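Using the hints, position chain B against chain A.
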Amino acid sequence: KQEVTQIPAALSVPEGENLVLNCSFTDSAIYNLQWFRQDPGKGLTSLLLIQSSQREQTSGRLNASLDKSSGRSTLYIAASQPGDSATYLCAVRPGNDYKLSFGAGTTVTVRA
Amino acid sequence: SAVISQKPSRDICQRGTSLTIQCQVDSQVTMMFWYRQQPGQSLTLIATANQGSEATYESGFVIDKFPISRPNLTFSTLTVSNMSPEDSSIYLCSARDIGNTIYFGEGSWLTVV
Numbered sequence: 001k002q003e004v005t006q007i008p009a010a011l012s013v014p015e016g017e018n019l020v021l022n023c024s025f026t027d028s029a030i031y032n033l034q035w036f037r038q039d040p041g042k043g044l045t046s047l048l049l050i051q052s053s054q055r056e057q058t059s060g061r062l063n064a065s066l067d068k069s070s071g072r073s074t075l076y077i078a079a080s081q082p083g084d085s086a087t088y089l090c091a092v093r094p095g096n097d098y099k100l101s102f103g104a105g106t107t108v109t110v111r112a
Numbered sequence: 001s002a003v004i005s006q007k008p009s010r011d012i013c014q015r016g017t018s019l020t021i022q023c024q025v026d027s028q029v030t031m032m033f034w035y036r037q038q039p040g041q042s043l044t045l046i047a048t049a050n051q052g053s054e055a056t057y058e059s060g061f062v063i064d065k066f067p068i069s070r071p072n073l074t075f076s077t078l079t080v081s082n083m084s085p086e087d088s089s090i091y092l093c094s095a096r097d098i099g100n101t102i103y104f105g106e107g108s109w110l111t112v113v
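Protein chains in written order, with the working numbering: chain A, 1 to 112; chain B, 1 to 113.
Do not rely on the hints blindly, as some may be mistaken.
Unchecked claim - Okay, derived cross-link-like pairs now, EDC-like style, lysine to aspartate or glutamate, Cα gap no bigger than 20 Å in a straight line:
(1) Lys99(A) <-> Glu54(B)
(2) Lys99(A) <-> Glu3(A)
(3) Lys42(A) <-> Asp11(B)
(4) Lys68(A) <-> Glu17(A)
(5) Lys68(A) <-> Glu56(A)
(6) Lys7(B) <-> Asp26(B)
(7) Lys65(B) <-> Asp87(B)
(8) Lys99(A) <-> Glu58(B)
(9) Lys68(A) <-> Asp27(A)
(10) Lys42(A) <-> Glu106(B)
(11) Lys7(B) <-> Asp39(A)
(12) Lys42(A) <-> Asp26(B)
(13) Lys1(A) <-> Glu58(B)
(14) Lys99(A) <-> Asp11(B)
(15) Lys42(A) <-> Asp87(B)
Since the hints were derived computationally from the structure, they do not count as laboratory data. Remember, predicted model here, so these are calculated numbers, not experimental data.
Only chain A is shown next, with the shape it has when bound in the complex (with noise of 0.2 Å):
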């Protein structure tokens, strides 16, 4: 069964500081990673998705890496801005299914 860890749970920055959220899986047969965003009481939104043969995406201010064989990837957030203050999900397709599991997620508060 596959695990998504995501570590710190919390994370709080002043502004204009680069953001760093880690995500891990333990089973490196994904198809592929997605990173989302859940603002407080709303759903969520889709940031980036990394394919399982890609090794980063950019949007943005947005940067998201994937080392599928170590089981890891990394979502950086560049000169981070109050309006970045939310919770990031990380989210793994297996190779098999089409269903995601999810990480617990990192909370972001980004101090004026």
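Relative to chain A, chain B alone:
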């Protein structure tokens, strides 16, 4: 892209009652899913909603407790039956489109008292 609407967005329910959550997608999708997010925890898949047939439930979830319907490609319902305080959660509808992009609804926040 697809937009998913869920109703109700929030409700307070008496224990022992049942509540049906509706999920409407504004475009055709291939698959629809229902997740539960208990307080302080991550998402757990309840079931895959299959069009015109019985849903496929994950381990720990049963049809009697969480009956699901999906009468067409863009609509699904989840009923939480005979509720207890342990059912207090966010229930999220999700859909996958033909391009394999995944979308989530805003969630339905249930509090059982």
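Could you tell me which of the hints above the structure violates, numbers in ascending order?
Failing hints, ascending: 4 and 14.
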